[in-house]
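Student: This is what each chain is made of:
There are 2 protein chains.
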Amino acid sequence: MHLWSMDTRPRDRLDESLIALRRILRATELYARDLARGVGLTPAQLRVLQIVDKADSVTPKALAGQMGVSQATVTALVDKLVAQGLVRRLPSETDRRQTNVVVTAQGHGRLRDAPDPLQQRYVRAFGQLADWEQAQLVASLERVADMLDAQDIDASPVLTAGELHGGRQSE
Amino acid sequence: MHLWSMDTRPRDRLDESLIALRRILRATELYARDLARGVGLTPAQLRVLQIVDKADSVTPKALAGQMGVSQATVTALVDKLVAQGLVRRLPSETDRRQTNVVVTAQGHGRLRDAPDPLQQRYVRAFGQLADWEQAQLVASLERVADMLDAQDIDASPVLTAGELHGGRQSE
DNA sequence: ATTCTTTGCTTCGACTGTTGAAATATATGG
DNA sequence: CCATATATTTCAACAGTCGAAGCAAAGAAT
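Keeping their order, the protein sequence lines are chains A and B. Under numbering that gives the first Met the number 0, the first residue of the first sequence is numbered 0, with each subsequent residue one higher. Under numbering that gives the first Met the number 0, the first residue of the second sequence is numbered 0, with each subsequent residue one higher.
To be clear, the hints were calculated from the coordinates, so they are not data collected in a lab. No residue lacks a Cβ here, since even glycine has one placed at the ideal position from N, Cα and C. Check each hint, because a few of them may be wrong.
Facing chain B, from chain A, some residues (calculated, C-beta under 10 Å) [stated by the list, open to error]:
(1) LEU13
(2) ALA26
(3) GLU28
(4) LEU29
(5) LEU110
(6) ARG111
(7) ASP112
(8) ARG120
(9) ARG123
(10) ALA124
(11) GLU132
(12) LEU136
(13) ASP148
For each label pair, taking beta carbons as the anchor points, the in silico distance ranges come out as [as the list claims (entries may be wrong)]:
(14) B/GLY37 / A/THR72: 43 to 49 Å
(15) A/ALA134 / B/GLN83: 45 to 51 Å
(16) A/GLY126 / B/PRO42: 31 to 37 Å
(17) B/ALA71 / A/ASP112: 25 to 31 Å
Work the whole structure out from these sequences, hints included.
Tutor: Next comes the structure, spelled out in structure tokens:
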């Protein structure tokens with residue numbers, strides 16, 4: 000493709016990459032809002048529901064960790080979902096301090112209408128890329144992710160689909 | 000399904016790319032929070048301040064459009080910044096319905112301590128990439144951005160630095 | 001076992017972000 | 001002048017967020 004020859008100084012590339020990153024951030028944010036509203040939930044509530052769904056059963060502590068918010072916040076969010084009958088609090092057998100949050104049948108139903116926030120539009124486009132382009136893209140994204148989250152984060156665990164090893168135990 | 004190559008089916012790549020995207024989103028969000036707190040502002044307030052700063056003078060309407068929130072929200076945010084003496088409301092001369100929001104000297108001072116949310120950590124890493132890697136990365140990011148924001152968005156206008164070459168006057 | 005400490009969760013109070021609807025003021029076009 | 005459209009603010013209601021305080025259970029120390 001392009002020769003980058005004359006007018007593409009490094010500085011411009013940095014800016015361009017930041018702009019693209021912003022567009023990604025912004026598009027995702029807006030899309031997540033629309034989508035959540037579409038299923039009658041707020042973005043935060045939908046996120047909780049999705050995380051719980053993928054993991055089958057999560058403690059508020061873990062939820063807080065994965066979402067990067069406090070336990071108090073999680074309590075509030077779970078309360079809302081419970082009030083709508085989408086999740087249940089299930090006291091742990093092994094440690095009675097813990098509660099396990101699980102998705103109800105109703106909750107699963109609701110999720111069926113709400114694919115992962117990113118998917119709809121992105122998935123289609125991604126699928127149409129040539130094989131090598133997909134590979135290239137994944138590599139680049141992972142590189143950026145590495146550059147950004149570097150240190151603190153335990154980050155990614157819960158996501159779209161079968162990425163958590165096949166092992167799915169009983170419910 | 001057909002067997003493609005055996006260990007990298009398309010489906011895996013999609014998942015991987017989504018995970019990476021999530022990591023990017025998450026890292027950015029957390030980082031923005033920390034950073035804003037570091038300068039004694041909330042993320043939303045800092046975003047307003049940055050946008051106003053780059054554009055010199057913005058109407059609430061435009062601000063709302065660029066941030067993807069309602070005018071009412073912008074009013075509230077600007078109120079907070081005004082209360083802290085970081086921006087001023089300057090009635091427009093040409094159309095007295097409009098107000099222009101401008102950054103005060105104090106606001107500029109505050110911004111000096113708060114580089115763009117993404118920059119700090121990312122910029123350093125980006126700078127250390129080889130030339131071709133940077134180019135590759137920009138291309139990939141732009142591609143993803145295109146796939147995500149596709150339609151609705153007038154999105155990027157206000158950003159880091161001299162990226163506004165091609166046109167787009169404010170309305 | 002009795003106490004002390006830690007851990008997991010919830011409750012409480014306060015604040016920010018967010019919005020839709022209504023109000024206000026100014027344009028703009030008959 | 002009047003009607004309508006536009007830019008902004010005000011208002012009332014809610015969601016997300018947190019720190020601090022409370023509580024109950026687990027773990028540790030003696």
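Student: So, for every hint listed, does it hold in this structure?
Tutor: Quick rundown of the hints versus the structure:
{"no.": "1", "hint": "LEU13", "in the structure": "holds (6 Å)"}
{"no.": "2", "hint": "ALA26", "in the structure": "holds (4 Å)"}
{"no.": "3", "hint": "GLU28", "in the structure": "holds (7 Å)"}
{"no.": "4", "hint": "LEU29", "in the structure": "holds (5 Å)"}
{"no.": "5", "hint": "LEU110", "in the structure": "violated (16 Å)"}
{"no.": "6", "hint": "ARG111", "in the structure": "violated (19 Å)"}
{"no.": "7", "hint": "ASP112", "in the structure": "violated (19 Å)"}
{"no.": "8", "hint": "ARG120", "in the structure": "holds (6 Å)"}
{"no.": "9", "hint": "ARG123", "in the structure": "holds (8 Å)"}
{"no.": "10", "hint": "ALA124", "in the structure": "holds (4 Å)"}
{"no.": "11", "hint": "GLU132", "in the structure": "holds (8 Å)"}
{"no.": "12", "hint": "LEU136", "in the structure": "holds (5 Å)"}
{"no.": "13", "hint": "ASP148", "in the structure": "holds (4 Å)"}
{"no.": "14", "hint": "B/GLY37 / A/THR72: 43 to 49 Å", "in the structure": "violated (21 Å)"}
{"no.": "15", "hint": "A/ALA134 / B/GLN83: 45 to 51 Å", "in the structure": "holds (48 Å)"}
{"no.": "16", "hint": "A/GLY126 / B/PRO42: 31 to 37 Å", "in the structure": "holds (34 Å)"}
{"no.": "17", "hint": "B/ALA71 / A/ASP112: 25 to 31 Å", "in the structure": "holds (29 Å)"}
Of the numbered hints stated above, those contradicted by the structure are hints 5, 6, 7 and 14, listed in ascending order.
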